[in-house]
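Based on the hints, put chain Y in the right spot on chain G.
Here the protein sequences line up with chains G and Y, keeping their order.
Going by the working numbering, the letters in the first sequence line up with residues 1 to 392, in that order.
Going by the working numbering, the letters in the second sequence line up with residues 393 to 597, in that order.
List time: in silico BS3-like cross-link candidates among lysine-lysine, alpha-carbon distance up to 25 Å:
id : chain 1 : residue 1 : chain 2 : residue 2
1  : Y       : Lys444    : G       : Lys57
2  : G       : Lys179    : Y       : Lys449
3  : G       : Lys179    : G       : Lys85
4  : G       : Lys9      : G       : Lys47
5  : Y       : Lys427    : Y       : Lys444
6  : G       : Lys23     : Y       : Lys449
Far from chain Y, by Cβ distances over 12 Å, these chain G residues were calculated:
id : residue
7  : Leu100
8  : Arg220
9  : Phe258
Since the hints were made in silico from the structure, they are not lab data.
It should be emphasised that the depicted structure is a prediction, and the values quoted were computed from it without experimental measurement.
Here a beta-carbon is modelled for each residue, glycine too, at the ideal position from N, C-alpha and C.
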Amino acid sequence: MSGERLTDKEVGERLRLARENAKLTQVDAAAQIGVVRTTLVAIEQGKRRVQMDELQKLAIAYRTSANALLRREAVHLDMVPRFRKLQESSDDAVEAATRLLNDLVRAEVELENALGVVRTRNYPPERPILPGDIRAQAEQDAQELRDWLGLGPGPITDIVSILDLQLGVRVYVRPLNGKVSGLFAYDETAGACILLNANHPPERLLQSGVHETAHLISTRRQPEVLTDDERFTSREERYANAFQRSFITPARVVRQQFAEITAGQSHLTRRHIILLAHTSGVSREAMVRRLEELKLAREGTWDWFVANGGITDDQVRQVLGELPDKKVYTARAQGLVPPRLALLAREAWKKDIYSEGQLARLLQLNRHEVRELLEGAEKEESEANELVKLPH
Amino acid sequence: MSLSSFLINPRVGLVADASVMINLNATARAADIMKAVPNPFSITENAAAELKAGSQKGYRDHEQLLELIDAGLIRRAPLSGPGMAVYESLIDGSARQTLDDGEAATIAYAKEISGIALIDERKARSLCASQYPGFLAACTVEFLMHDAIALAIGVQAQADALLSALNGARMHVPSEHLERLRTMIGPERAALCSSLPKTARAATV
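This is chain G alone, in the form it adopts within the complex (with noise of 0.2 Å):
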């Protein structure tokens, strides 16, 4: 036994989240070792401590090893479990994106225990959902926010340095099954926790991210997945919906910048919906239903649009012209890893901390996969010189 072993109350707590993480029942895992349910219990409540043999077994059925299920540094959530009593009936896309953003905020938050780093926490002031008019309090607290974060009533050009950078949320883009949009879980160790598509247009990416950041705001404690079939049917969803529009489109700012925009004209085009969506960073049919939200055009205005023949990318391009690709998360959605845990995976390698065995697992990668990862790292060390030494 390496160092301070743990009780046989936590090995069992492990146990279990292992077990439910790997969606299999007491019965399930009792037939892996071959024992009865009531034995299983036992160890899982820490009145039994379990045995190597079995431990072995246990960690193939769970995927995943014995090491990462007694290593004191790792990290046990409960994401899957929560997220999956939400779901009314099973979901392999949502499994899938759940499983992720455990998998990444488990290794995370390990990686930062084991390194001494600590992740500064700036969550706004908590709003829950009160009696009344739900768009109202969404349209305040978006203001709220928009103000609390010194946004002014410019566009929202990058939602995701916001919530990782001002607000302290973890957040990744990583590509999803195209159904899903994006993910919030709020864990007492790792605080909030936001997973978005990054196969989705930056447009759309903008409208989970705000999405999330609206659960954020009002239901914390509650897990959320957005996918496209959503229908916004609960007070909460309505909430976060009206919430998500009020943010990126504040009412004044949409008003002021569509009497500019239609000033003179006798009717709304595709060109004024093209300049007006273009200055938000939203999509056309985003803007047309947020004027018509805000009554400055007719309901059933992108209805109409849509029946005769829609808004073209090419409209698009004869009024604003040829605009770069908006490729804003690139970086953020590449590599094996999100780019912050392999900065900390490396770390924790060079110092010896972690094996590539022990990374490879932690991380989810196979043995090749890491060493790509760690690729270069022995270099930064050998070649470092005092002139990059960082002041910390």
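For chain Y alone, kept in the frame of chain G given last:
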């Protein structure tokens, strides 16, 4: 006796970790290289499982391991009582003091049979040195540079195998072996090898 002499002793078992098997496979001469020394080779179930995990993304290491097992060049080794105690001590504790299951099982089994652990992980080898004085562990590059390999497959093929492990598997080379490696593969080829430190790629080490 030196580590070098143990590596050609048929009574000393060599226990290969996943990291070493990946490098050997990358040489494309794994079978010839393993035949070059008289020692019996084994791999633990845990290390083999790590190789299997790579199969999902198209890596052929596990498949190649099975071919080597079928050819009788390496066998799967189960951990028993004494090895299990060492294994437990290497997986239970703080991150700094522990290893993942495959690495721990490799060391535990090598200790159980009084053999040599073939393992590249720097942390694993320093843990062994501090916790088990006298225990022998070697890394892939040490093994590949052994005279017995040159004798069996030729000096040029040995240099090619080293280069393939470096380029194909990003083989890790501890600093104490850099100079000899550079001499063996030649400074021109070393200079083109991105997985080596800049100092090893420069004109002088």
